[in-house]
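Residue numbers (the working numbering), protein chains in the order written: chain G, 1 to 531; chain H, 532 to 1062; chain C, 1063 to 1319; chain R, 1320 to 1576.
Rather than coming from a laboratory, the hints here were simulated on the basis of the structure. Don't take each hint at face value.
Here are the simulated DSSO-like pairs of lysine-lysine, each with C-alpha atoms no more than 27 Å apart in a straight line [stated by the list, open to error]:
(1) K1152/C <-> K1189/C
(2) K1103/C <-> K1422/R
(3) K1372/R <-> K1140/C
(4) K502/G <-> K378/G
(5) K1452/R <-> K1422/R
(6) K1452/R <-> K909/H
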Amino acid sequence: MTAKPLLPLDPALVERARQLAARAAQPVVDLARSHTTVSVERATLRLAGLTGADPDGIPWVNRLADAVADQVGIEHGIALPVFHALKDFPDLTRLAHAAAAGGVTFERPDEPVAGHARMRARRAVGPGFTRIAAKRRERDALVSEIGDPPQRPWIYLIVATGDIYEDIPQAQAAAKAGADVIAVIRSTGQSLLDYVPEGATREGFAGTYATGENFRLMRAALDETSREVGRYIRLTNYASGLCMPEIAALAGMNRLDMMLNDCMYGILFRDINPIRTFVDQRFSRQVHARAGIIINTGEDNYLTTADAVEAAHTVTVSQLLNERFAHEAGLPDRLLGLGHAFEINPDLPESFRLELAHALLARQLFPDAPLKWMPPTKHMTGDVFRGNLLDGFFNLAGVMTGQSILLVGMMTEAVVTPWISDRDIALQNVRYVLNACAGLAEDFHPPADGFIAKRANEVLGEAVDLLGRIVDDGLLNAIADGTFGIMKRPADGGRGLDGVAKRADDYWNPATEILDQDAATPAHVHEEATR
Amino acid sequence: MTAKPLLPLDPALVERARQLAARAAQPVVDLARSHTTVSVERATLRLAGLTGADPDGIPWVNRLADAVADQVGIEHGIALPVFHALKDFPDLTRLAHAAAAGGVTFERPDEPVAGHARMRARRAVGPGFTRIAAKRRERDALVSEIGDPPQRPWIYLIVATGDIYEDIPQAQAAAKAGADVIAVIRSTGQSLLDYVPEGATREGFAGTYATGENFRLMRAALDETSREVGRYIRLTNYASGLCMPEIAALAGMNRLDMMLNDCMYGILFRDINPIRTFVDQRFSRQVHARAGIIINTGEDNYLTTADAVEAAHTVTVSQLLNERFAHEAGLPDRLLGLGHAFEINPDLPESFRLELAHALLARQLFPDAPLKWMPPTKHMTGDVFRGNLLDGFFNLAGVMTGQSILLVGMMTEAVVTPWISDRDIALQNVRYVLNACAGLAEDFHPPADGFIAKRANEVLGEAVDLLGRIVDDGLLNAIADGTFGIMKRPADGGRGLDGVAKRADDYWNPATEILDQDAATPAHVHEEATR
Amino acid sequence: MSRIVRPYGDTTGDGMVQLSFTLPVPHDKRAEGAALQLAAKMGLDGAMLVHAKAIGEAYTFFVVYGASTHLVNLDEVKVVEKDYTHLSPKEVNDAIRERLGRKLCVVGACIGTDAHTVGIDAILNIKGVAGEKGLEYYRELRVVNLGAQVAVPDLVNRAVDEEADAVLVSQVVTQKDAHLHNTREMAAAFREALPPGKRPLLVVGGPRFDEGAATELGVDRVFTRGTTPSDVASYLVHRLVTSKTAPQRPALQKDVA
Amino acid sequence: MSRIVRPYGDTTGDGMVQLSFTLPVPHDKRAEGAALQLAAKMGLDGAMLVHAKAIGEAYTFFVVYGASTHLVNLDEVKVVEKDYTHLSPKEVNDAIRERLGRKLCVVGACIGTDAHTVGIDAILNIKGVAGEKGLEYYRELRVVNLGAQVAVPDLVNRAVDEEADAVLVSQVVTQKDAHLHNTREMAAAFREALPPGKRPLLVVGGPRFDEGAATELGVDRVFTRGTTPSDVASYLVHRLVTSKTAPQRPALQKDVA
Ligand code: B12
Ligand code: B12
Ligand SMILES: Cc1ncc(COP(=O)(O)O)c(C=O)c1O
Ligand SMILES: Cc1ncc(COP(=O)(O)O)c(C=O)c1O
């Protein structure tokens, strides 16, 4: 699906942009490698099979990890203390119960006892990774059996009732009406919860809680629907917020197919501490790489707070950084759903052609990535008639510029989380545009010295300049200065910093041990990834 | 405004199409030259200044013409009997009163008395033509003073309340909201009335009666608005139906700027007799040529009864015939608002690109004609949200293919005659597309061997074939066979045939005398017209 | 299934609806209040005024979202039940041939000033609609299609001349209720012209009719959006051929002045 | 101008409105009848069901047009009158300096789980909105912007610490009435924490609030769509500086449990 270039971009400049992105990312990668977080540690316990929650709904992984952290900290990794203590318990659940009751003393064992604990830990997380691998094979089998969507872009639709049992029929209806990908968005509050709720949930605000059980229920329902509609319907959720690594693990173990997973979204839009985010993000991406999950990045969000023309280059910069972080974590290009959006003020002269220029630029910079094309939101108003029109032109830009995943815009964007009818109207809109304009790209040839080519080059130039400044100042400082989305987030601010620890020299984690091997294995990495 | 060609059309084939159209039209032109109708005769009286109506609302032109027709027929022209009788009356109105009361005996005077009558007749219609010429100069002056719309296509909007006093504020509001051309559509019944109602009217169904007074009121209101908005707002009405020539005369005398005026619309869609229509049509076009009025033809209508893909070539054939008839009647290319429409079933794969192909074909065949681009109607449904979307793509096709006059589509097309809010939403739609995509034509280059070029050539080929068959069978037979819009209209059927007469050898009409001189004058005819 | 339902936005029972309208008032806070007043009177609870836009100086357009407090009782819904069995063209022809023993004559027209023939042609012309052939295709039907803009007296005369069993009338233009007026005028004219037993079956159709309005309009049957020729043919057979009773006329006298 | 108006389609007094909704019933004639029943209950006369489309097997979406029989009485429209004089930044600064003699302290936040800061930032940040600078630009205002997702207790504590004169809260997410619940919770918390004379002025804003709901929500003022910083600054000066009386609190006790 490599797209053929329509823009006269200077390859040297593109190369330079990538080098600068790698340089800008490196200090943050080093930071991520040298720190751990409570969520990374809990994710390890989840991979080791610990599930369930106490009567107050606090998951046992939290109760257990908290107990360990209280007693010996997390900087060495909680695996050794946990699996050492496990010698006296039949399983992790029983250990967690006891730890929650205050009845376990955790310690960091010395060799050779530590070796036994490591062995137990490796044996425990092994099945977790095996399950992820099995789910990945299951997906591959289902896709080859049932089939992929017949067209690009894939049609991506959001469901958001707050109640998994309302979500399921809506998602199934949406798939039958044409959606190829279903995203269940999360309740407004979830990203700030430092635990992942348990079980099937029916009470979310503007979205449904991401839980292992909700994942399972929805995936099972969509498997059924996939067979009915004759194409594998992909399921998406959000590996974001304070529990990013755990959610990634749950996603992998429940065969989610795509996950929103941005290197900076939580920092900027949830005020989560930057270091926490970067550490969590690396772990979760490593899991996604294993699970064959397509990540979706969140550059679209910047354009809801910043101006889409002025800040166009910040999208490009962020895409390059997300690409770099993803490659480093072992994700190949074909799993990189880099985001961008149709958010230019529609009253601006030539706004549609500016959108085409930006969308083509992304398409051409990342020819092998399944780019995610996001609909207008900021300039949507309560005028739903106009809203449906703008969504139509968004769809058109998606077709003309060869986008890979198209998030379906809703005419009620400025009004409510989508109604069943909004989705139906929106899908009808997408179907019309995809069908009526299917081959229009054949006729679309922006001249090399024309408006579109000029604009794309201008944005690329601005991106290279900004990357240069970020290399000089440091990415963390750039974020603190409001470079992305005009949100100023200092490295020592935000939530969740208390859950971060610099790894001690003897830090050990059976999951990262495996994951870091992956990242070192070129086989997982797409040929493009290392250029 | 000559458009530059995007399609690889064979010039020889285009030339052949025009030659065939001229040959197909000739017998009908001969028919039109050799017949007269009651409406042509009444139009002559209107040019001579006769206005007003009897207490039942029947215009004096009808009363007078009927009286003459009853006594001496119309085949010699009613001018001589009328102006001969006028010697005993102070003016035409008094003569008409008396004739209506049965108190006048009409006769065809012999020479030299006939010469005096002719003199009187010429002196009477002279001021009518002078008024038309003055109105034309007035328009030219206003346009150069106030200015034309800044953009192409011109935005053409329909007003249709049935009540001229509701129409006026709506038209003014529409102009302020962006309309460049206002059309007041007519009450459903008017085309079958064999007279033109008098005065300001407030009771029409799905449209407002076309009357001289309504023309005057609306034009005056729009003159006011033109100054306010800083561009000359054009006014459109319909020279169609049984009174086509009279309406044309009233339009010229009241400075209407465009008139719907098709060579076959009345035949096909109002079941008016073909001969009546062709005779009336020639006279009215001659008047329009004098008045500098842009005619709008009605090819769009065929696609509401026939399929827009199957019958695409009938549109092309009709455009070529309309062009031929118009040139023959003295209309230059710049007054030829040939019609075509976005009526392909939107569920058809590549429907939008087929629309582009058809629209480009028309654009390229008639590079100097102010083409009128008509919105979707047939496939519009009560789903107004979808309706607004389709209208957006219609607008886009208009911009991409360089259409000249864009009739604004309404999302409520399948529901009601437009509400004030429908127009506002529709204009907003047009504004968005025109503004956001202004220069998109720069990027639109359908390849010479691509889908669009192939389709355009296919339609042109089919059109040439059909023209060939029409030359062989005769246009009247083709119409009888349902060639256009699947409407079968035999030459001896339809309404108004009783108002047609073959001109006697001594037929004389002071208006046609002048108008036929025009047509012979190459000055009036655009250089393109005669090729 | 519950027999009482509410509109559905994204949660069962939420009652959500979308509404838009223009008020003839300039756009200001009072206008917005007026829009919400109307929404409240229409029974919207917690109405959200999500869009307000001036149209010129004297009008404002609004979009409102809110929860309708009204309940829909499915048991109280009145529908015109399909009182006839759906027949294939062959069944129609057989029934007419066997039971009536002569061709059944149908006269069709668009009356008044209405020139929209696509709908009636879809029913009558061989070409048909939605993959079905029109009534002309039925061997045992004799179809006289008068076309558009037929004056009511002309239609009555022709129906009498043809000894029509059924008259099919189409009305598409609805502005100022033209379709209703014309239909009533037509029904009255047939009543005047012919005694009860002699009148043809009167059928009207068009996209904006209410199927339940037959009695009120003085006709036997109303067809609306999505009608196909076989619907009409089946109905005609049911009413004119297979029904034991003579075509039952609605109580015309009391409905139409 | 008449004080009684009706919606306007294309003729004065026609009452025309457009309506759309989904019913949780499969698409059939009964569903269409149900849609018309709802339209009738909402007061639509001669409602036309112009579009009906199945959404899956259990839902049907409808578009209805019709004439609303309800009248809008402009005299009965309740609007929150602008009870303050609109001031320029200079006038605001002068008034505070001259009459209050100290800076006026404003604490702003998005509370609950709401992370939509664009609205409150538009009011507070220098950048502002609609060509106006935000409150930070006003020399005599001290602005503390706590950002998003602030827990109510944290907001109260901070307001106390800063001795805030006014608290500005934004709420954008309205699903399940989150904005109303959060606002009531916030108002109650301030009531509990501080005695009447000591409480800061409570102002909430967001696109889907009803400006008339202040009393009911237990706050002093509600701002909605299209608010600009100078609206807020002028209001603050009016309530906290120029009004002779002390900031008048609505009767909080009786409204919120
Ligand atoms: C095609 C069309 C035309 C064509 C008509 C060509 C022709 N020979 O029929 C042309 C271009 C000539 C035309 C002209 C006008 N039109 Co027109 N037209 C339409 C259009 C686009 C489609 C109508 C159509 O063909 N539908 C397809 C058929 C198959 O559907 P149908 O009629 O509903 O029929 C089905 C059922 O209703 C039923 N049915 C219908 N009749 C009958 C009869 C019987 C006995 C039975 C059993 C069933 C039945 O069965 C059919 C098959 O399922 C509509 C807009 C739209 N999209 O609906 C406007 C529309 C109907 N037109 C309209 C108007 C106003 C006009 C004009 C009056 C405008 C003017 N002032 O100049 C003119 C004049 C016409 C006149 N004197 O009546 C308005 C009517 C507004 C209203 N609600 O009152 C509409 C809605 C457009 C609009 N929004 O303004 N029009
Ligand atoms: C931008 C945006 C975002 C950005 C927010 C970035 C940020 N830092 O603020 C991002 C992308 C992060 C985001 C995320 C989400 N969003 Co959001 N978002 C929007 C969007 C597109 C625009 C909102 C906006 O910025 N408006 C512009 C500002 C200037 O307008 P305003 O807020 O109305 O403010 C004005 C007035 O109301 C008033 N005002 C507002 N507050 C205050 C306060 C005071 C004191 C005063 C005096 C005045 C005042 O003055 C302002 C200036 O005039 C809307 C859709 C839309 N077009 O409206 C959805 C929307 C608000 N989001 C929505 C949702 C559901 C979410 C999510 C919860 C989705 C999810 N489940 O993941 C997330 C999570 C956010 C969370 N935890 O709250 C829904 C809310 C649905 C509802 N009605 O409940 C909306 C309507 C979209 C939709 N249809 O689904 N979103
Ligand atoms: C990249 C990305 N991550 C995550 C989210 C979801 O946010 P939350 O983490 O609050 O559920 C979004 C929302 O749009 C997003 O764009
Ligand atoms: C070419 C043409 N003439 C005339 C008319 C108007 O019809 P009438 O003559 O019935 O007013 C139309 C309507 O669309 C038209 O397209």
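Structure-based check of all given hints:
Between the alpha carbons of K1152/C and K1189/C the distance comes to roughly 17 Å, so the proposed pair stays at or under 27 Å and holds. For the hint linking K1103/C to K1422/R, the alpha-carbon distance of about 47 Å lies beyond 27 Å, and the restraint is violated. This hinted pair checks out: K1372/R and K1140/C have alpha carbons roughly 19 Å apart, not beyond 27 Å. Simply put, K502/G and K378/G have alpha-carbon atoms about 39 Å apart, too far for the 27 Å limit, and the pair is violated.
Between K1452/R and K1422/R the alpha-carbon distance is near 18 Å, which keeps this suggested pair within the 27 Å criterion. As the CA atoms of K1452/R and K909/H are separated by approximately 51 Å, the hinted pair breaks the 27 Å bound.
When held up to the earlier numbered hints, the structure conflicts with 2, 4, 6 and fits the remainder.
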